[in-house]
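Enquirer: Residue numbers (our numbering), protein chains in the order written: chain A, 1 to 158; chain B, 1 to 158; chain C, 1 to 158; chain D, 1 to 158.
In short, the hints are calculated from the structure, not lab data. Among the hints, erroneous ones may be present.
It does not matter which identical chain is meant; a pair holds if it fits inside one copy or across any two.
[Stated by the list, open to error] No farther apart than 20 Å at their CA atoms in a straight line, the calculated lysine to any residue pairs in the SDA-like style are these:
id	residue 1	residue 2
1	Lys129	Leu63
2	Lys129	His71
3	Lys7	Pro147
4	Lys129	Ala79
5	Lys92	Arg138
4 protein chains.
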Amino acid sequence: MSNAALKSRTRADYAFFQTYRTRWTDNDQYAHINNAIYYHFFDSITNAYLIAHCALSPTSSSLIGLVVSSHCAYFRPLAYPAVLELGLRVNKLGRSSVEYEVGVFEEGEEALAAVGGYTHVFVDSASRKTAALHEETRNGLRRLLFPPPSSSPASSKL
Amino acid sequence: MSNAALKSRTRADYAFFQTYRTRWTDNDQYAHINNAIYYHFFDSITNAYLIAHCALSPTSSSLIGLVVSSHCAYFRPLAYPAVLELGLRVNKLGRSSVEYEVGVFEEGEEALAAVGGYTHVFVDSASRKTAALHEETRNGLRRLLFPPPSSSPASSKL
Amino acid sequence: MSNAALKSRTRADYAFFQTYRTRWTDNDQYAHINNAIYYHFFDSITNAYLIAHCALSPTSSSLIGLVVSSHCAYFRPLAYPAVLELGLRVNKLGRSSVEYEVGVFEEGEEALAAVGGYTHVFVDSASRKTAALHEETRNGLRRLLFPPPSSSPASSKL
Amino acid sequence: MSNAALKSRTRADYAFFQTYRTRWTDNDQYAHINNAIYYHFFDSITNAYLIAHCALSPTSSSLIGLVVSSHCAYFRPLAYPAVLELGLRVNKLGRSSVEYEVGVFEEGEEALAAVGGYTHVFVDSASRKTAALHEETRNGLRRLLFPPPSSSPASSKL
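So here's chain A without its partners, still in its complex pose:
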């Protein structure tokens, strides 16, 4: 999807939200949140969801998600001490990989500030070899799919 198309995202396009307070050192010497900091946010909301809703334990799970590619488009500058609202969705759910998208909004502002995300490939935590998602992980991530899959064949007949 092009960056121009992503610019029209609203909070209604995301399924799971968390609020993050920015920090003094998030601002670089141009006095706005540095571009790299957004990726720290992507990691934070994604792993928070995996821990809370997909039974991930970073220190003991047999499968962990490693990032193979990431991207971000920046539309409006943000600056400490703003409070940010992050929205998370899943755009694609494969056998062993997931594509997440995160929308970044400032508290009290309608317009999207930035949008990005990354692709996780799940691997065995010891061998680091690719592995199929556990059912528990798949079920948790399916709830973030956008657009939501039709939940029942019957309902699609209406």
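Using the hints, position chains B, C and D against chain A.
Expert: Relative to the frame of chain A, chains B, C and D by itself:
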């Protein structure tokens, strides 16, 4: 004050609070919040207070606070995705310098996790020469003094 | 260009190099360099080149570069305490924008570990409105163009 | 030791050195290396020494070092893109704890920019209970003691 004495600090010993969500990369490879991250928190709550209550504008104020020394004692490990409650107080307010103390608590936990702080010297933002605190800054910081200065001359006669 | 095509990049595909020592907190709790850290490296080599070869002064230049989009593909994990060699090139040089690419190599290793980059739009440092690159900046960045533009019409006749 | 006394430290007061290139985001919006970044450097040189000379493997050693207190005094501002030279020494070596000191110098500058350090307590990596240093660790750290312990009674007669 010794670290042992500081260990008994409670939320009642602090004057201003902010809540911070931890981030994935706050954990180092020992799976707990890295010791350096606490200093990022100290900077964040201190400057947030200066901006909100002491008229500091980091990009345009004529005086800014620079850190000349800092310290921290760690009592209990914390880990992402914990939510932290930071308490701020001022231990000493000089002509051009301030000693801040920050207590770090985990949401829902009584016991102090860490305590630290730093000394700010206020300087001219252009020349970086030491300067006396503006009255507005001094008034804002005086409200964080612990123990609070006696509020009325009458009471000091007793 | 697809990530698969980028994977075959070698040091010969880059024009400017810097060596960076990794840090303890670059490793996240999976014991490898966190995906967000690569973007800190991109910012570091790009601005170092702009300062050294394009007359950028981040605190006083009338034009500064702001990041409008960024991306990275990760091929091989890296871990502290590795020393990294970063290579920089320019893929596109517009009137007011530049597309940088950075290749990340581990010292002593042939294979590319990661590749990414970002697009800078140059803006007036005060108004933050888009502006055409200064000639000095354009000349410095042109030396990083890949493939290099033919340097003289005469030579292209051979 | 008072901060004033530490200010006179020179490179000759340290036993192990590493060079670190600063990064764009080390500078905060006051355009100098942020105070918290120095602690990231302390962690980096200390663990690099432990890995190279004390057989530490952060992912597999049975004992790991946890930071129980840290401190820093800042004498001269530093700024990206400076290259820094860090010097490491051990001030105290206990049964299960170590006090490190790190001097921060800018490449090409005589004067000390900052000095700080921290205390490591070694713990079992699984139970996180305090444990006596392994002989291999103790031997490595002893070589950093300042002032150096007299190596043999005989030699002092000369």
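Enquirer: Which numbered hints are broken by the structure, listed smallest first?
Expert: Going through the list in order, the structure violates hint 2 alone and respects the others.
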